[in-house]
Each structure stands twice: as C-alpha cells, then as structure tokens.
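Protein chains in written order, with my numbering: chain A, 1 to 122; chain B, 1001 to 1649.
Hints were generated in silico from the structure; no laboratory data involved. The model shown is predicted, which means the values in this text are computed figures rather than measured ones. Positions of the beta carbon are idealized from the N, C-alpha and C atoms, including for glycine. Careful: at least some of the hints might be erroneous.
Here chain B is said to cover these stretches of chain A; the calculated rule only asks that three of the stretch's residues, wherever they fall, bring their Cβ under 8 Å from a Cβ of chain B [unchecked claim]:
{"hint": "1", "region": "2–14"}
{"hint": "2", "region": "17–31"}
{"hint": "3", "region": "101–114"}
Derived DEER-like restraints, expressed as beta-carbon distance ranges [to be verified]:
{"hint": "4", "chain 1": "B", "residue 1": "Asn1281", "chain 2": "A", "residue 2": "Arg69", "range": "26 to 32 Å"}
{"hint": "5", "chain 1": "A", "residue 1": "Ile3", "chain 2": "B", "residue 2": "Val1367", "range": "41 to 47 Å"}
{"hint": "6", "chain 1": "B", "residue 1": "Ile1545", "chain 2": "A", "residue 2": "Thr67", "range": "22 to 28 Å"}
Just a few of them, taken from the derived set where beta-carbon distance is under 8 Å, the chain B residues facing chain A [what the hints assert, rightly or not]:
{"hint": "7", "residue": "Arg1077"}
{"hint": "8", "residue": "Asp1294"}
{"hint": "9", "residue": "Arg1296"}
{"hint": "10", "residue": "Gln1297"}
{"hint": "11", "residue": "Leu1299"}
{"hint": "12", "residue": "Gln1300"}
{"hint": "13", "residue": "Ser1301"}
{"hint": "14", "residue": "Gly1303"}
{"hint": "15", "residue": "Tyr1305"}
{"hint": "16", "residue": "Ser1307"}
{"hint": "17", "residue": "Val1308"}
{"hint": "18", "residue": "Arg1311"}
{"hint": "19", "residue": "Ala1537"}
{"hint": "20", "residue": "Leu1541"}
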Amino acid sequence: MTINVAIVDDDESILDAIKMVLEGQGWRVRTYASGEAFLGDIENHRPDCIVLDPHLPGLSGADVVRTLRNGEMRAAPVIGLTARPASALAVEVLAAGARVMLTKPVTADELIDHLDVALSRR
Amino acid sequence: MRRVDLPDRQLLDAAPDAMVVVDLDGHIVLVNKQTESLFGYRREELLGQVVEILIPERFRDRHPARREHYFHAPQIRPMGQGLELCGQRKDGSEFPVEISLSPVQSDQGSFVASAIRDVSDRIEFSERRFRAIFEQQNQLTGIVDLEGIVVDANQRSLDFSGLERADVIGRPFWETGWWTHDSQQQAQVQDAIRRAVNGEIVSFQATHRCPNGTLATVDFSIRPVRNEHGKIVFLVPESYDISARKRAEDALLEANENLERRVIERIADFEQAKDEAEHANAGKSRFLAAASHDLRQPLQSLGLYLSVLTRQLDQSHLLSVSEKMRKSLDTMGELLDALLDISKLDGGSIIPDKRDVRLQELLDRIVTDNIQQAKEKGLRLECTASDYVVHSDPGLLERVLENFVTNAIRYTEHGHISIECKLCDGVAHISVSDTGIGIPHDDLDKVFEEYYQLDNQVRDRRKGLGLGLSIVKYIARLLDHPLSVTSDLGRGSRFSIAVPVGDAITVAEAPTGRPAGAHTRDPVVLLIDDDPVVVDATTMLLESIGAKVYSALCGDDALVHLAAGVRPDIVISDYRLPGYNGVEVVRRVRKATSPDLPTVLVTGDTSANEIKAANLSNCTILHKPVDTDQLIALIENVSTESGPSAQAK
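If we strip away everything but chain B, and leave its shape as in the complex, we get (with noise of 0.2 Å):
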C-alpha cells in the first residue's frame, strides 16, 4: 500500500469527479466540491456521516459488509464490476454513477477514496439504443434478476396481456398476470427460472392470457445474460407469439384431417358406386339373356307363319319376299344369340381355359370355315404359314379370329383377304387384312363399341350385327390379348390381337383340337351332388350321349366308388355338398386317380370366387343353370382325348 498523504481540499476541489474519502468506518472525513453539487448536500451534511448516506436505501443494508470486504484487500480498481452502480440524491432520487476506489494512507491511519462520476448520460445513450432494440422487439421481453423478480418489461408484452408497469416490476414474475392463469405454466417458470439462474437455457410452448380473456399460444424461453466476466447477472425472458401459426398448423393439421376422411369417404362412395355399378351390370346381363331367351317366342312363331306361308306360294315375285323375310329373320336369331354370348361374357359365367396352341391347326380351321364364303364374292383368302405356339384359350381366339375374317369378307367387294402372324417381343399378332370399304379414321376407336355399326352411316345395316366386334372385344378382355385396328379409308383394313407365344415343348404333349382319327369309346363320369332330382336328370341326360356314369350323393360315397375300382374319366360335382365341398371333393378324387383329371364343378352365382380361388388346374366352372350342350361338350372331349381307363366293374 502507498504511504500518500490525504490531499489538500483545494486540490480535490480541482477534481473533475465528485471525491469522498471514508475512514475504515465507513464515515466520510472528507468530500469535495463536486461531491456536494453532485448529491446536493452540503459538506457540513456529510462529514461524519456514514458513506451509506449516498447510495440508495435498498442497497444499504448488504454496503457496510462489501466496504469492510475492500478494507482487508484493498486495492485501486473499479467498483461493482458488472453492475449498474446508482447514488441518491439528497432529494432521494437516484442516478447512475461509475466509481473507482483507492486505498489511501495516511498519517492520520488508512482511507479509502472515491472517485465518483454521474454517468446519467452514457447510460442514457446506451439505455436509449438498449430501450429501442428492447420495444422494438416482435416479441415480448424482459428482465428478470437472480432472485427472479421482474425488473423491465417491453411495452409490447405489458400490452399483450393488457398489464400495468406497476402490475409486473418488483413482483416475482411467475406471479405476473402472464401467468397467473395457470398454475401448472407458474411452475414450470419458476423451475425455468431456476435452471437459467444455473446457466441453462429454458424453453417451452405457453399460453398467455390476452386481454380479451383469450389465450394466445407463445414460444417461451428464459435465458442467463453474462458480464465479460461469464458471471451471470440476470435473466432475459422471451415469449413470441405462435397464435397465428398455431391457428395455422391446426388449421392445416384440421384440413389434413378432412382431407383424409374425404378420402375416405370418397372412396367409400366409390365403392359402393362400383358395387352398384356391378350390381347394374350384372342386371344389365341378365336382362340381356331374359331377353335374348323371351324374344326367341315370337322369332318361332314368325318364322313357322312364314314356312307355312312360303308353301302356299307359287308366285316367283312373292317367293323372293318371304325369302328376304326369313334371312330378316335368320339376322334376328344371330342377334339373340349375340347377345346372349354378350351376356355371358359379361356376366362371367365365361372362364377361359389358357393353354398352349398351335396356331397354324387353328388357322386352317378358320380358313376351312371360310374359303367358300370368299369364293362366293370372288376374293382371295390367303393364310401365311406360321409355325408359331402361342399361350391362349383356342376356342375364344379363334372366334375372335373368325369374327376378324368373317367381318373382312363381309365388307370387302374386290381383292383378297389375308391372315397373317408377326412376332414381336415375346408376342405374336394375329392379323386379318382386308381391301375393303375400311373404317373413317374418326370412327377407329369406336368400331369395338356395342351397335357402332348401326350407328356408322358408312356401313352397311344390313350387314352384319354390330355386336361382333364387341364380342371380340370382350373376349379380348377376358383372354387380356390387347386388339388393335388400322384402316385406310376406301382401301381396307387391319384387326390385329396380340397374344403371348406360348411353348412349343408343351403343346406336343397336349393336342389342343379334335386329331382326325382320335380314339373315342365311351367316358365314364363320376357324378356327385345331393340333390336325388338332379342326379337323375343328369344321369340319363349323359346316358343319353352314351356315357358311363357313377353317381353320388356325398364326397364319401364318390371314394367308395373310386375303392371299388371305377377310375372316371371326368368328375362332375356340385360345389355346396354335405360334409366337404366341392374342390375338396375333387382333391380326395383326384388323389385316388390322376392330379390332373379333368374336373367339372358345377354352382351357383356365390362360390365361383371360391372355385377359382382354389386354383384347381384342368377345371370347369359351370353356373347353375347348367348348360347341357356345354356339359355334353366337355364329356364328348374328354372321351376324345383321354386313353381308355381301366375299369374293375
């Protein structure tokens, strides 16, 4: 410590700074003129005075302590680092001051002197650019000392929840009218405020109360402010406010919601849309066969008055007349059956049984079919040799291919008709072209549309259905072979299907047509449902085409017939059955026999899904009612193909 002796009065006078010299009691010995128009005492006021006398009343009680603290070290340096220092005036006010304190010794013993200058407006400036930055703030803020009362607030957070100045500073602030509202928000700020005093960040999603009594939703956080020292001297706690974007997220996350159930309910509405359109559809199917089925009584009637009619004539002229009549009435009877084929494919009751075909045996089919019709008008019927196998149901494709032709040959005068196949990728197009009347480009895409024809000016009417190429089309869509059209308007046309090449290897071992000179004796069927009436009537409908057949009324009884050596050539069972089903049925049979015989299961509208879903190889669907020709049909190819079957009875 320096040995200085006390300065001269004169001499402190001259100091720019308000000087107090106190003894190791704190009490002033000496002050200078500064000091007294600074703190407007006067001199005789303040010596002997305790130094307390300066400094406002709230921080009296805790300044002896510090003085006494600074006495033991003493030491030259600025006093309350970090802190906002304040005097106070003899009329009470306050200012804020910057102070520096010395140690002085004397011979009169040891003094501390102070330097003390009012620093109302440094403070001012940088209170002004503090206080521009703090209102200016979109959100609300504040401080908040250790202790955690408020000390400042912007006006845009007193005015958010509609408060006083006097309502918040000095008071703890989770007891401030931001909170107040909810005691759960009130501690988890006091919590807050007690980690941020720990150096801790705090922040958390929070309501405050809005003066219209509304709650807005805010971005809350409380954050520690450091001195260059990394002490922390306060709080600086921020609310933004997140109404609007909270309104907009709930609004968004609302929307997401309606969004999803609209979804829902749209695709609700679509589905029962579509079931009722199936629903129509099917309706649509069997009004068409109901139809095609009533409108056949007249089409007899007429066509017996005719024949009876025509035998009465002998005038050549009216001769001519009912032989117009009754081809009328021949177009009639296709259109019936047309329209039953429709009928069925769409209804269907039409299951395509896909295996690999030579196509050149299916071709020369058609062409056999149809070589007389062309030469009948003098065209051409050409056909290119085509080794290819292709993977198809071989009686669908090859009506859809002598549809194309018969078609080609209906509507073409001169030249030739020509069948050809071309392989691309894996698919061979089966083509049909004509030198024909062709098709306006305008009407390409509509040609496979139901009664396009009678629609078509250019066409004739009175050729041809209009419901052909629509068979064509659904058959197409049934087998999934895409079909195409071109034509040249006055010159021809093309109808092409493009249809999977199928395996060469495979269709040698399982001829697809009727061989010439195929053996054929008489096929012995396994017949199973319980219905007594039905067995009957299919029993004698079969025995009537010469087949063999072995009834049963259960699954159980058709294996005691397979035990006692018959060995079917085809089973024909009714799908509802007592104990087991029908596929089961046919599972257990075909155990005992061959995996792969052939199989015919016979149902109502409800289990054809069923059937088919159990992916039984080598089977036929058949709807109730049964479609005896078609049974006949299967029984009669099964008795072609097949070897003989041993038999034990």
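Just chain A, with the same shape it has in the complex (with noise of 0.2 Å):
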C-alpha cells in the first residue's frame, strides 16, 4: 500500500526538497504552501502522515493541527519541522498533538526516520 504524506511549508524549497527525499522512498507526497490550502485539499488527498512547519502565513500550525484533530483525520501524525524550536508556535503545535518538533536541518534519514516511527505507531 503506497503511503501518503503532506508537507505543509510557506518556502517553496524545503517543500521541493522533502517531496523529493519522500518520493526516493517510494511514497506519494504532496506539498503545500499554506494551511488553507492543505485543510482544503484534505478530502481529495488522505495524507498517512503530515509534515508540518508551524511558522505559516494565515492559519498557524497549531490551527492547522487543531483542525486535524477535530476532523476525520484525527488519527494522521503530524511532524513538526521548525528553524525556531523555542517558539511559542512551535510548542503551541506539540501542544496541539504533533507528535514530535524537528529542528532544521535534519537531514534525509532523520526525517525518514521520524516518520518511519510515526507511521509505525498510527
């Protein structure tokens, strides 16, 4: 069963980059630049798993966790990624249900890796 994760970042690059580290594991990704714009694709595309920066225009991480939670989708894990670990949006996205905040960079494996365990553990 292919495995679907959603990458939910504002720089265009980081998302590029992790779509292609994910896609080299045989997954299907797909990324977007906003919370709105995930949350409305959600129905169309079932993420396994989320990939998430907390740092995002419009709705915040943790809303876009939030509204995961209060969804169908409440059982997908959600990783933070985050250049800003101690931030207040940051904790307030673990705080939301995240199941773990990484701080950039980690490289290819660790993310795998982490999501490895979050999928393992859904």
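Hints in hand, dock the two standalone chains.
Right under this line is the structure:
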C-alpha cells in the first residue's frame, strides 16, 4: 500500500526537497504552501502522515493541527519541522498534538526515520 | 611760674624765630623783626591786635577758647601737638609753622610769649616724601578728617572716577563722585567713617563709577591714623581696584559652571549613546537570532537535495564530492548554532548558575568526549588529576574548556594536548596547552574576537568556525572568569581560564552532575500562568516527558493545590500574573513547601531585571518564547536530583 505524505511549509524549496527525498522512498507526496491549501485538499488526498512547519502565513500550524484533530483525520500523525524550536508557535503545535518537533536542518535519514516511527505507531 | 621781665626788643630781634608776646586778653604787646618779615605786617599794624590776626580765618573762632585754656595752666610747651599748624600772612597766604609757648610774668602782669618758626622747608620735604608715596600708590587713597570731610585725594583716585580736586576737597566723603551713584553705598560709607573715628578699620567691597559709565568693583577700606599719643587725627580711605580680579573670578566661576554644565550634558550624551549602543546591541542579537533561524531554511533544502543526489550517485569520485558538500553543510549548521549561542549570550538571556563544582568530574567528561578525536589524529590527551573545587556554572565552564580542547585538537598535528589546573591566590587557573601550530604574537590579543580566525592567514580557514573562541569570551565575561592565552609560534599554545576556588564541603552536599544510577522518577510540576492556551500547551509538553502537572491560572489557585497536599519538585510560573507577581507566588509556594524549591520564572523582555533583583535562589529565568528543550532539561534535571516527594493525591 502506498503511503501518502502531506508537507505544509511556506518555503518552496523545502517543499520541493522533502518531496524529492520522500518520493525516493516510493511514497506519494503532496505539498502545500499554506494551512488553508492543505485543509482544502484533505478530502482529495487523505495523508497517512503530515510534515508541518508551525510558522505559516494565515492559519497557524497549531490551527491546522487542531482542525485536523477535530475532523476525520484525527489519527494522522503530525511531525513538526521548524527553524525556531523555542518559539511559542512551535510549542503550540506540540501542545495541539504534533508527535514531535524537529529542528531544521534535519538530514534526509533523520526525517525518514521519524516518519517511519510515526507511521508504525498509527 | 617764673618771674621774668619782658625781654628787651633788641634782644628779641636777635632771636632766630618770630616772637610774639600777648597779654591775657590775647592782644599783641610785642613782636620782633622776624615777625614782621614772616607775616608781612609792620610792627605798628600788629601791636594791640588780637593774636588771631596771624591765624588762618577758619581757625580763628576756636582759638580764643584754647588761648584762655592755656592761660589757666600755663607751661612751656610746643603748641598744637599732632596738628599741622598754619600761620596766615598779611596777604592771606598760609604757611606751616611750629610754635612753642612760654608764660612770662613781669611787672606789667602775665603774658604768653610765642616762638614761631616757619617750617615750610621741612614740611615741603616730608610733604614731597608723603606725596611720592601717596601718589605712587596703585590704589586710590586720600585723607578724610574726623568730620568726614575730604582733605586730600591722590591723583589716581580722581582720575579713576574722572573727578577734579575741587569736586572732592572740603566736601563730605560720601557726597563725592565716588559714591553718588549708589545711595546704599553712601550710607555704608557714612557708617564706616563713624566706626573708623571710633578706632575701627572698616572694609567692604564696593563699586566706583568710571568715566566711561561702567562700574568698577573695588576693595574699599577706611582706617584711622593716630598721632604719637594714640589720638585719632584723621582717616585714610583706600580703594583697590579688583575689577580685573573680579572679572577673572567671575569668568572662572562661569567657566566652572560651564564645565559642570558641559559635564552633565556630556554624561547625558554618553548615557544616550550607551542606551543607543545597548539598543543597537540588542537589535544585533535579535538580528543574529533571526538570521540564524532563517538561514536554516535554505540549509535544510540543500541538505535534503544533497541526500537525494547522493542516493543516485554510483561513481565513487562523485560520492566523495557529495561527502565534501555534506561536511560543508554540517559546518554551516554549526556556524548557525554558534551564531544563535552568541545572540543568546550577548542578549542576556543566559543567566549563570554558579555553585561549587568538583573540577575533576568536569574534566573527566571533557576527556571522555574528546579522547576519540585526539586518538584519530594520533594525539595524546592528558589530564592532570585535580582535587580542586571551583565556584562556577558547571555547564558554561565545561563549554569553555571543551572549546579549548577541541581547538587544541583541531590545530595540533603531532604531540599532545594537556589539561592542567594550578592554584594561585585562591584562584584555580585551568589551562589547556597543545603542541600545535601556535599563534603569532601580534594576534594573541585578537583570538577572542569574533571572526578572528577568518581573517587570519596562518590558521586554516577550513578548520573551525572562528566563533568558538568568541563564544568562550562571552561565557567568560558572563562568569567573570578572566581568560588568558600564551603561544609560541610553531610550538604550541596555552589557553587558560581563572576560576575562583569553591567550598569542598558544600559540593559534597550538592552533586553537580547527574551521577550514574541516580534515582529517576516522574517529576511533579506546579505550573502557574494566566493564559489558558499556554497552560494547555505547556502541560501537554511536560506530560509528554512523563511529568505530573498541576496547573493554576493565578497564585491563589497554586496555593489551593499545595493545601490539597501537592508537593511539587519544581514550580514554573509566569512573572506577570493577576494579583501578585511570579516572584511573590514563588515566595508563597516556597513558604508552604521548601525554601529552595527549584523554580522557573518565565518572563517577557522587560521584567527580567525585576526578577533578578528579587534574588531568588535556585531560580532559572526563561524568556518568552520559552526554549522547550531548556524547559524539558530543567524538569529532567529536577527529577533526577530530587528524592521522592510526598503527595496526597
């Protein structure tokens, strides 16, 4: 069964790089530049796991996680990925239910390891 | 009284002085030839006249009384002691005389014989001498009689106020042009004359009007002059022009005031500059922090792209290129970490927690962490055993020494690195020396500067970050531990830090590190914050590491938990709370629990100093946004170090 991963980040190169890494794993990846775009597409593309930057334009990362938790996708694990792990927004995303908060830069192997763990605990 | 006959006229004519004999009524009965030539009268004109004809008119009124006074107790004596006596010639001219009186008794009755000598020559000499002194005086001076009438004034005094002799001589001193510009001073002068007549020397600062209309400041004095019998005979007023001195004094005073004002202005300028510099520095720290965060984004993408690329490479020479790119990216990541560290150290968000630390435990950790790298380069890493206890923040001190050691390994190709500690005057000098490339003498004082290494041609730019030693510098400054470096180019370097010695007894009771096998259990946290979102988020975070969290929205709620039997291992409180602030909450919580209850106070930028001022022991201040790793580390530390706590629930 193919694994669907959603990546939400406002940095285009991050989206692109992660997509390439994860597609290299044989996973199906969809990228979103905002929380609104992600939530708007969630019915079409039901992700098994979400990689999320807490700092987003518009809806914050925490808003996205809370919306997710209140909907059908409550079980999909969220992995935070941030350049500012000490920020309130990062803490809020954790508090809202993210599985873990990774600090940029992470290596491809670290990211895949964390996703593997999250997916195995689904 | 002797009885003699009136002398013969011929005999009288032979006498050198003018001789005038008067009867008891003052009528002239006899004169000699010298009298005629001295006074310009013929004998017939004088005989039968009262003697006052020979006296200047202004003295005539008072003379008869004096004459009669003499007749009542006649004796041979000089006349008018202490007074300048004047005769008046027939033509009205006056001349100074000396007169000696003798009573004469004859058949015709009682008479008084006066011998009168013209002393013009003598007076002229002494007058000249007096004038010479009088006029040479730098000050303004004159003579005033006991009635306050001006008798004389020197030319300088007249010129000073543009006055003529006639303006002042014979006039009351206080009504002269020196004083008329100021009625208050006139009264003062009048009073001074009165006091001087009674023997007092009076002086005060005054002003005289100058011909150009300006007022000159003078030191004025008036003193009595006494004759040889101690009787006051006249007064000498003097004024000394102190305008120049006064101007100098005023100028000096003004200069002083100016200087004072300028100093105050300069201090204000400095303070403003300091504020601006601090503001700029804070801005720089914020910029560094923001830059290090933002730079992580492209670094992240680069790393991921590289890993994608690497997986698709099968040619070994391309793999080595990608490996080099990986190392460069790692270095960049370290550089960003260092930047963030500096921004934290410089921004004041790291507060050292100094305590007594067993140095050996700390050195052992450093050796353990670095021995492998040293071995890989074929270097010996030696550490001389040390029993010392030092007083410092163990974490920060360890970073300094760790930095010394990694630098030493980095810049040493052969030989060894040794860690030593020497005690001197209660200070432990911990040093790390190497047998590496060394540092040129001229550069020694620059090694702790940021980016020193990047500008340095001798050191290899690919090695190290150039920020390590500046982090060391910031930490050493924060800890107040002086740094030093010595080096012999091509032979090696020695970096030292001087740390005060601590108390071995204290350290025995307070282990510094996490001892192996320490009891670990889930920590109990008392969390106080008035923002429910923050409370929820923090609670979830702490529960994720196994902590038991009791939360409260204000201090009173926290005390309710305590009343219910909750015994926290640590209290985490926001500083700004409704009711009483975080410091007060902590004080009350500690009162109910333990005076040293580990504490974390969370604050925005503004209240850190207020918390520091409260001087709470065992208290860590965290700035918003809270570094979650730091918070978790604090909680975990508490759960390791503290014993099991009693808990009702």
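Each hint tested on the structure:
Judged by the Cβ-Cβ criterion of 8 Å, the region 2–14 of chain A is covered by chain B as claimed, because 3 of its residues qualify and three suffice. Remark: the region 17–31 of chain A is confirmed as covered by chain B, as 5 of its residues place a Cβ nearer than 8 Å to a Cβ of that chain, reaching the required three. Interface restraint, the region 101–114 of chain A with chain B: holds (9 residues with C-beta to C-beta distance below 8 Å; minimum three). A beta carbon spacing of about 43 Å between Asn1281/B and Arg69/A contradicts the range 26 to 32 Å that was offered as a hint.
Under the hint 41 to 47 Å, the C-beta atoms of Ile3/A and Val1367/B, about 45 Å apart, fit the expected range. Remark: the range hint 22 to 28 Å for Ile1545/B to Thr67/A is upheld by a beta-carbon distance near 26 Å. Hint on Arg1077/B is violated. Least Cβ distance to chain A is approximately 117 Å, over the 8 Å limit. Because the closest C-beta pair between Asp1294/B and chain A is about 7 Å apart, less than 8 Å, the hint holds.
Because the smallest distance between the Cβ of Arg1296/B and any Cβ of chain A comes to about 4 Å, under 8 Å, the interface hint for this residue holds. Taken as an interface hint, Gln1297/B checks out: its beta carbon lies about 5 Å from the nearest beta carbon of chain A, inside 8 Å. A least Cβ separation of about 5 Å between Leu1299/B and chain A falls short of the 8 Å threshold, and the interface hint therefore holds. Annotation: interface hint on Gln1300/B holds; nearest CB of chain A at approximately 4 Å, less than 8 Å.
At its closest, the beta carbon of Ser1301/B sits 4 Å from a beta carbon of chain A; the interface hint therefore holds under the 8 Å criterion. Contact between Gly1303/B and chain A, as hinted, is supported at the beta carbon level, the nearest pair being about 5 Å apart and thus within 8 Å. Of the supplied interface hints, the one on Tyr1305/B holds, with its beta-carbon coming within about 5 Å of a beta-carbon of chain A, less than 8 Å. The restraint placing Ser1307/B at the interface with chain A holds, with a minimum CB-CB distance near 3 Å, inside the 8 Å limit.
Interface hint status for Val1308/B: upheld, as the beta-carbon distance to the closest one in chain A is roughly 5 Å, under 8 Å. A least Cβ separation of about 6 Å between Arg1311/B and chain A falls short of the 8 Å threshold, and the interface hint therefore holds. Given the 8 Å rule on beta carbons, the hint for Ala1537/B holds: about 3 Å separates it from the nearest Cβ of chain A. The interface hint given for Leu1541/B is met, as the beta carbon of that residue sits about 5 Å from the closest beta carbon of chain A, less than 8 Å.
Hints 4, 7 from the earlier list are contradicted by this structure; the remaining hints agree with it.
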